[in-house]
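Asks: Residue numbers (my numbering), protein chains in the order written: chain A, 1 to 461; chain B, 1001 to 1461; chain Z, 2001 to 2461; chain V, 3001 to 3461.
Be aware that a few hints might be false.
[Stated by the list, open to error] Which bits of chain V does chain Z cover? Going by a derived footprint, with three or more residues having C-beta under 8 Å, they are:
| # | region |
| --- | --- |
| 1 | 3126–3135 |
| 2 | 3144–3157 |
[Claimed, not checked] Restricting the straight-line Cα-Cα distance to at most 20 Å, the calculated cross-link-like pairs of lysine to aspartate or glutamate (EDC-like) are:
| # | chain 1 | residue 1 | chain 2 | residue 2 |
| --- | --- | --- | --- | --- |
| 3 | B | K1016 | B | D1216 |
| 4 | A | K128 | B | E1124 |
| 5 | V | K3338 | A | E380 |
[Stated by the list, open to error] Some, not all, of what chain A presents toward chain B, calculated at C-beta under 7 Å:
| # | residue |
| --- | --- |
| 6 | Q92 |
| 7 | H102 |
| 8 | G105 |
Hint data in this document are derived by calculation from the structure and do not stem from the laboratory.
All C-beta atoms, glycine included, are put in the ideal place defined by N, C-alpha and C.
Number of protein chains: 4
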Amino acid sequence: MDKLRDFCGVFGIYSKPNSKSDVAYTTYRGLFALQHRGQECAGIAVNDCGVISTCKGTGLVSEVISESDIKKLSGHAAIGHVLYSMHGKPSQQDAQPLTFRHGKGNMALGFNGSITNAKKLREELCGKGAIFQSKNHSEVIAYLIAQERLRCGSIEEAVKNAMKRLEGAYSLLVLSPTKLVAARDKNGFRPLCMGSLNGDVLFSSESCAIDSVGGDFVRDIMPGEIVCVTENGIKSDTAYDGRKTSQCIFELIYFARPDSVLDNVSISMARQAAGKRLAVEHPADADIVIGVPDSGIEAAVGYSRQSGIPYGIGLIKNRYVGRTFISHTQGRREQAVKLKLNPLRKNIEGKKVVLVDDSIVRGTTCKRIVSLLRDAGALEVHMRVSAPPFINPCYFGTDIPSRDILIAHSLTVEEIRDEIGADSLGYLSVCGLSDVAAGSSLGFCEGCFTGNYPISGGENE
Amino acid sequence: MDKLRDFCGVFGIYSKPNSKSDVAYTTYRGLFALQHRGQECAGIAVNDCGVISTCKGTGLVSEVISESDIKKLSGHAAIGHVLYSMHGKPSQQDAQPLTFRHGKGNMALGFNGSITNAKKLREELCGKGAIFQSKNHSEVIAYLIAQERLRCGSIEEAVKNAMKRLEGAYSLLVLSPTKLVAARDKNGFRPLCMGSLNGDVLFSSESCAIDSVGGDFVRDIMPGEIVCVTENGIKSDTAYDGRKTSQCIFELIYFARPDSVLDNVSISMARQAAGKRLAVEHPADADIVIGVPDSGIEAAVGYSRQSGIPYGIGLIKNRYVGRTFISHTQGRREQAVKLKLNPLRKNIEGKKVVLVDDSIVRGTTCKRIVSLLRDAGALEVHMRVSAPPFINPCYFGTDIPSRDILIAHSLTVEEIRDEIGADSLGYLSVCGLSDVAAGSSLGFCEGCFTGNYPISGGENE
Amino acid sequence: MDKLRDFCGVFGIYSKPNSKSDVAYTTYRGLFALQHRGQECAGIAVNDCGVISTCKGTGLVSEVISESDIKKLSGHAAIGHVLYSMHGKPSQQDAQPLTFRHGKGNMALGFNGSITNAKKLREELCGKGAIFQSKNHSEVIAYLIAQERLRCGSIEEAVKNAMKRLEGAYSLLVLSPTKLVAARDKNGFRPLCMGSLNGDVLFSSESCAIDSVGGDFVRDIMPGEIVCVTENGIKSDTAYDGRKTSQCIFELIYFARPDSVLDNVSISMARQAAGKRLAVEHPADADIVIGVPDSGIEAAVGYSRQSGIPYGIGLIKNRYVGRTFISHTQGRREQAVKLKLNPLRKNIEGKKVVLVDDSIVRGTTCKRIVSLLRDAGALEVHMRVSAPPFINPCYFGTDIPSRDILIAHSLTVEEIRDEIGADSLGYLSVCGLSDVAAGSSLGFCEGCFTGNYPISGGENE
Amino acid sequence: MDKLRDFCGVFGIYSKPNSKSDVAYTTYRGLFALQHRGQECAGIAVNDCGVISTCKGTGLVSEVISESDIKKLSGHAAIGHVLYSMHGKPSQQDAQPLTFRHGKGNMALGFNGSITNAKKLREELCGKGAIFQSKNHSEVIAYLIAQERLRCGSIEEAVKNAMKRLEGAYSLLVLSPTKLVAARDKNGFRPLCMGSLNGDVLFSSESCAIDSVGGDFVRDIMPGEIVCVTENGIKSDTAYDGRKTSQCIFELIYFARPDSVLDNVSISMARQAAGKRLAVEHPADADIVIGVPDSGIEAAVGYSRQSGIPYGIGLIKNRYVGRTFISHTQGRREQAVKLKLNPLRKNIEGKKVVLVDDSIVRGTTCKRIVSLLRDAGALEVHMRVSAPPFINPCYFGTDIPSRDILIAHSLTVEEIRDEIGADSLGYLSVCGLSDVAAGSSLGFCEGCFTGNYPISGGENE
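All chains should be built: construct the whole structure from the sequences, respecting the hints.
Replies: Laid out in structure tokens, this is it:
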């Protein structure tokens, strides 16, 4: 069974029974604000006094859920999910929330992350007669909660007990007939926060979704914390076992939306700080600083601020190219870069350019962008990367391709510079990540850069 | 959890590995021939040397499975399913075959019928930690087989053991990485037969599908029989426990296609025999015998043959009206009858007409047809029904609406005659069913007519 | 420009302004009853006090027009169209009604038939600056009416003048801001009749649609007649020039629905009469008469009545196969026959069978059916065709393939019998057609059988 | 007949017959780069040695044209079109290119702009028997070219003669069996340029599309110029009549993509120049300059450069919200702004902010953005608009809503400031537009700001 890790987003809302809140529509809007976390499946489950209904499928939120679907999903609590799949096109079966009936009732579950001991757990469960209808980890979590629920008095306790058996990265929302439970893995790999909206309780992978639905940010869920919302209020419990926390540094560098604040860190500020530090570590004699849209813009602004070199717009991104077949056809990839990014000749011509991006993976796209800039008249191109070189796999949900195709795995910085055709190349140092993460209430996992992982991921499938 | 009984159809094919048979395409054609058994979901699962792939969804076979889907489903064994749902619109989740992984491998399962102890089994399974993602009975069967498989040495043995715990009506096809298993419930409620095609083994709910794909009928699967096909040939075993068999009489009267032969009974002949017996039991002084298309045609031909009254065509059915929204809108039902059936005035005008159909449920459609015929100039309308009055519910997969709306439950034959506005009305007697079933190798369940059920159905949900 | 002849169906309704009639929904139902006349495009145009709105596209009525479309199409008069295209898949551009603005207002037009001087007219119009956006004949008619309208005082007069320039077969409905005009070609090739429904005026290609919407048949439109309906009532005028009328005999034999009555002829009766005459012309020593469903059923009943040989059901047609890809794939045609028709072995076995159909075109399907019957145990197969041999092309809208592939064009009856493998073969004689057409108020075109055409079609594209 | 002005984009390519160029695919990619000019319809027409095929419909390029469509569209010359409709949802009928047959052959036509004498021309044409199947101006142009073609020897001459009768704004591509003709209106309202790609000739509304397909910019088409490309090369002719040229200033301010260069003006530079001038005309005492994404970004960068106030990112735009139903529901508009734009609190909090956008139309969106910034902690908000106030309608294709809802039409600048809640408000002066247009080879139409129109538009519908 191939692995299907889930780097995704979750959103939830609990309103009191008989409230006038349109919980499905709020969830729908919340999912839009989290759409960048997954474009392959979307779904909403709504609890209407014990009856849980679901609308889910493959595609963008706007493709999967229609206005009439929203109208049908009435209720007083809801959870939603957007899915990003790392391997192959997901099927209808992979869409979350997963809705199911267990020994003590029914439940819906939305989950974001990757369970590192999923294979072992699945084997154990199968050994006792379980069946698995999909390859994703949510069924594993569902079984654990269902089985714990038989043994203990409440759904939140069942979640807590299940968390003791789960290893890896996960943020979890569980909708039961009377409760909404939110939980975050003991390391705090994936973000999860709480908000409020006219007295309703909100949960979201990122704070930007709480802003977008018009709510107020309340606080982050702590690593290992289980928050349970009922008609009678909010209760918190914890499965935290004292371990060192390890938020995924990649959330700050790449995943999260710039307007989110995760565990006290403003993503925009973190990326600007990366750019500033980069300007200190790798200064350049140049006329203009430009960013690769959209991922390199914030760091470019930071680089400009620190270095005093003017910030400018050097590449225009076509907003419509995303879902065209061009981007999917292997042989036409070269054309896709041209279609996606066009240099602004008048801003580039005759100039020494600092080009900022957040990463170099294979090196091929970067090479083409450097070449585009030279064709547009750039005298020099100084590549700056606002993260250290990727050299290691991730076991916790980040889609890092096989080591062999990571350019930084096999080449030195100077060889990479030569390969991409830049005049100079500078990566942020691993030490420099401390500027990115400054102010965070958590520790960080930097395994993809350093190979030091906070927990074992070796038994993963 | 609401019940979702499955009156459906299954088709399967086993070809040796490395054969040139296009098993998916043969299954696709087989499902077309069984489309009358279920129009709400369709699906095919194909085994390609241990990898089982599925294509399924809601809608007709032609809507769910495209030519390009068929091309992708390569393999050497396949099972297919068409689903009829008795309650509400089924979701994607209800489509079969159900594909899953269990403790000893992976499996696909297609099932036709209704498990009468499903509720109890589901509770037992949940009590041990199982979760159920849908309301249909196939998940129950899947768990039983998966759990038995842990205890015994082969999939066919697991099926046999599971059958000991299942009560009710079911025909079952199971696709494992190396085998195709077919099984029929111990009473033989639902039909299942075996065929051959260029050395490949076929299974089908009805023989018409074996004909349609160009195969040869071999034999019926016996009640309680388990047939297992592997590379090494066909083996038969049985879970039959000596009970009295009870094929569903309604398969003969209504469900099956007229060109099928079920357990030695030609459906067309059975219906003609019903019409002949009806002519003896309820003769009429008339000029023409007509049938309500398509369900009453065969019995009308039989009535004509026996009575000597000429057979004629009196009502034309619109072949396109099926999937229009007209048929779904409550308030527009009256208009739907007109759109669906139009009398052939020139054949009817000035004549005394015998009108034959296979059933009267609510009586409303029948009333409108009688009225249509009178408007078209019929002097007299003598209604003849080729089955006894429906008065009882069915626990074994037949979609008989609640007793209260069954006209024969609350009115006498004379009152029904008055209600539908016919000049006379005659139902086939229960004794007369023996003519319908003449030659069958099995006993019959006539519970819907008599209230005498072969097994208990009382604990059903 | 390739020809795209239109053998299609039209339906229209005129209700007074401010009436409560749902004219779009009535038209929708009318089109369902005419769906057999064209399955490739469908459309409805509605006049709401001068504003004409249209919903049209490629596909079946149920695919093109949704319930919400119907709700949007409010108004007091409407016309609808179903299109059958003889050459290739039609595009959106070919769907009718054609809605356009001309020198004196706006108009919608639905047309059924084939204009034999279309090429010449199109060239004339282009020579004066016209442009043509499609290949179908409706644009030609639209231009003629638009140009005549500039010269004369009313739309009905414009239609009349246009008819003087049009040659060929056509039934025409024109919707103007205040009128509904119906017209039929001077030969009366294509059918068109008038009905009434609660005071509203109906027009339809066939009477079955008037029945189906619950209306009353009033009368046929006469060849060359123009009927104009306004708020003030119905007026009739004529462009008839005394020529011999020539209804298409093929409407009786094949096109029309059996429950329609065209120009005094009941289609069902006509086909039964053909079967009776056939029994006289070509008797057979046989045990059972069967028809090829659905086209040969009525004639088979007639043959049985005349000959005294019992009528029976020998072939079951799969109602779902129509829109599967199987039927479109050249290499899989043989399999398609099996999937579409299955013999009823128990009715056939050991019997001498008379097999009745309405035509033999290429001979391939017929050959396969004969073979199916023999495989099912028929002792003898006596093929009877309820029309004379096809040997000539049609210029008036009937889709007769190129002469070269017409089996009757190159082979004698005995050679055809040998080719299809029947024990005997008999076609209806040309003289026999008089029985089919008995009682008609019109003359007939039998050009496809005799080569004698009522008007020249030679200049057609 | 309601007006349907076309602010759209065109792209064309001419390759020699038997070339290996994939002209449809190049056009497809060109349309992607022009997608911002129209998202409501898309289409491509391809000429394959005289046979012109079309694929078009409603929606984005990626929705209308599939990879398999592109494969079917083989040929050596092509034109493409994206449509923006100002009034209501366009229908299939409005999609361009318009393909038609005329007196001397066949032709496809793609057109961008608005014909101010369309009503008069349409009436004249109808008076001579023309019919119009849509409301758009392309049919008018088609008739004129078709009619001129009857009188003169070539398609390019016909285009030239037609241009003498057309008033208004238009860029035009015409595909004939042997030629590709490009023409630009005599005032030069709408842009059109020429490029080359491996020896093939390209035309495009904007230079960004030439870049995007990998081509080289050659030159702009001059006002009134007709360029005709054949197998034998490129010929230029002109219908220019000496009038003052008047490029639409709004193309520079809003329509065109920043990476385009129109008539010697770099759009990005023009917008930065507007920002710089704005900083001179309306300085502010502030801590940060932010732009409303995406329309105000370039001007904000210019303002920052000129003023020395640091540029920053203050608002994050959700890239996925575009096609959700939220944006279409009137009552939910307020929620849509929140969903679309989220302030970056950490960049805004405690700061005096200069907010730059390119326009204020109704004022409602602007008011909400100012309020969002204040909620995010901005101490002061200084609104700066990089264009003069809109106060007049446009007759040449710009979608300016009715004067009554233009806030600048009824309120003074101080009243607008008060209404939107800003601390100060400054618009670019009309004089300042000279900085925007600096270097252009053409004059400009600034009618929407000044009410001085270069030609009469009063007779427009």
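Asks: All hints, please: hold or fail.
Replies: Verification of the supplied hints:
1. Coverage of the region 3126–3135 of chain V by chain Z holds. Counting CB-CB distances below 8 Å, 8 residues qualify, and the rule asks for three or more.
2. Here's how the region 3144–3157 of chain V fares: 3 of its residues keep a CB closer than 8 Å to some CB of chain Z, so the rule of at least three is met and the hint holds.
3. With a C-alpha separation of about 18 Å, the suggested pairing of K1016(B) with D1216(B) holds against the 20 Å cut-off.
4. With a CA separation close to 14 Å, the supplied pair K128(A) and E1124(B) stays within the 20 Å bound.
5. For a cut-off of 20 Å, the pair hint linking K3338(V) to E380(A) is broken: about 41 Å separates their Cα positions.
6. For Q92(A), the suggested interface contact is upheld, since its CB lies about 5 Å from the closest CB of chain B, less than 7 Å.
7. This hint holds: H102(A) has a C-beta 5 Å from the nearest C-beta of chain B, less than the 7 Å allowed.
8. With a least beta-carbon distance of about 10 Å to chain B, the hint placing G105(A) at the interface is violated under the 7 Å criterion.
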